[in-house]
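Okay, here's what each chain looks like letter by letter:
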Amino acid sequence: MAYDQIIKIYDEDGIELKIVPIALNLDKNIYLLHIFEENYNIKKKYIRNELILIEEQILTSTFSDTVHFMEELFLFDVGNNQNKYFEISQYKNTKNLKLKIDNENSIFISKSEARSMYKIYNLAFVGYSMAIVLENEFKFTPQILTKLLHDNNMLLKFKK
Amino acid sequence: MSLLVLVVSVLFIFYKTYRFYANKSEKKIEPKQAQSLEKKQNIEKIPKEPEQIYRLQTHKMKYLLYDARSDLKSDLKYLYYEVIVNNFWINEPFHSKFYEILLMFDRNELMVVDKNTKVITMNIRDSNNKMIKSKAYQVFEAKNIVEVTIDEAMSDILRFEKQEAQTIVIAICIIVLEKSLHYLSREMPQWIIADLLKNYEHANDVKCILDLNDKKDHRLFFVQKAFQEAFQICETEPYNDSETSDPFYILKKLPPKYLREI
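As they're listed, the protein sequences go chains A and B.
If you use the numbering used here, the first sequence corresponds to residues 439 to 598, in order.
If you use the numbering used here, the second sequence corresponds to residues 6 to 267, in order.
Hints are computed from structural coordinates only; laboratory data are not their basis.
It is possible that part of the hints are untrue.
Covered stretches of chain A (in silico footprint by chain B; criterion: 3 or more residues with CB under 8 angstroms from a CB of chain B, positions within the stretch not fixed) [said to hold, decoys possible]:
#	region
1	459-471
2	495-503
3	582-591
Note that the structure is a prediction, hence the values are computed from the model and not measured.
Don't be surprised by glycine CBs; every beta carbon is placed ideally from N, CA and C.
Generate coordinates for the entire structure from the input sequences, incorporating the hints supplied.
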């Protein structure tokens, strides 16, 4: 986790939220955007939302979609053509997952990549409380998310 | 007795001749005396002119200027003072045309897309649980680009003749308009540019400058350099294309000019 990249946003109750991008796979530019609030009195951190950022696309914006995305990744070739985010492709007897997104270059994920991404995803929740995220999830609007990405220099091709 | 009468008559004649000559000599003296008297009187009559005290002209000259401080909300008001007031460029039609362009930049949210922006596609569920696709950009505010570019190029612009310098200033505004978008509607500024130059006396000169700039003429190198610096100096803003766009503000009538001291 890159703590120097933490920036602040506030939910509708004025509670300060933080965002940290967690790299799931650097080669494929797949990030988990971790949104959480911190209670300094009881020294607890609460997850408020999770987003998936792939190259130049925010693929999921709600917690349930993100969990769905990770579970399809976990199932790998056990999944079927009802998958929402991945389709299973086979090349020389090797099965891969192909992302169903509009992108110039298609993105394939191998089994080891999928396993490692799922592992990092589970590790990302260590030390965080999941109590609030289901009942009080922070819902993004396009404007807030755009501002957030801009403030975090994530709208720049080349970081200054 | 007769002798006495003779003596008396002789004396009388002497007296008369004496009187005659005496009168004559008196008559000769009189006008001279009168003149000198008159002169003396005249000198006394001429009133002494009061000593003139000229006041120093301390009040400043007044010029017909627009009220940029209240009309323009952004920092473009400083640009008005830098271009118009500091150089006394109050000649028409340049003065009004430049102010019209400033007002247009001020009232509209025009933006220039950053060359280094990523275009991030966002799939976000809205409050009605509908998936909405939008795109996020990093943009510059066009008014900032105009202000900084003219500010950077001003020292080079002033090396030209007044007429040419003013044409270059208008041309820089038009170049920014060509680069800018109004809420990503690419068609909008084209007819605005045509509309702006329609009634302008020196429109052809402006078009010549635009052509020269397109060909990257070395004489206008300073304009290209000023633009580069403006893009480095100005801060970027986030922009999402799902934002509802404001209608384009079109100026119907220029605000009145006021006499102002400089």
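Okay, the hints, checked on the actual structure:
| no. | hint | result |
| --- | --- | --- |
| 1 | 459-471 | violated (count 0) |
| 2 | 495-503 | holds (count 7) |
| 3 | 582-591 | holds (count 6) |
When held up to the earlier numbered hints, the structure conflicts with hint 1 and nothing else.
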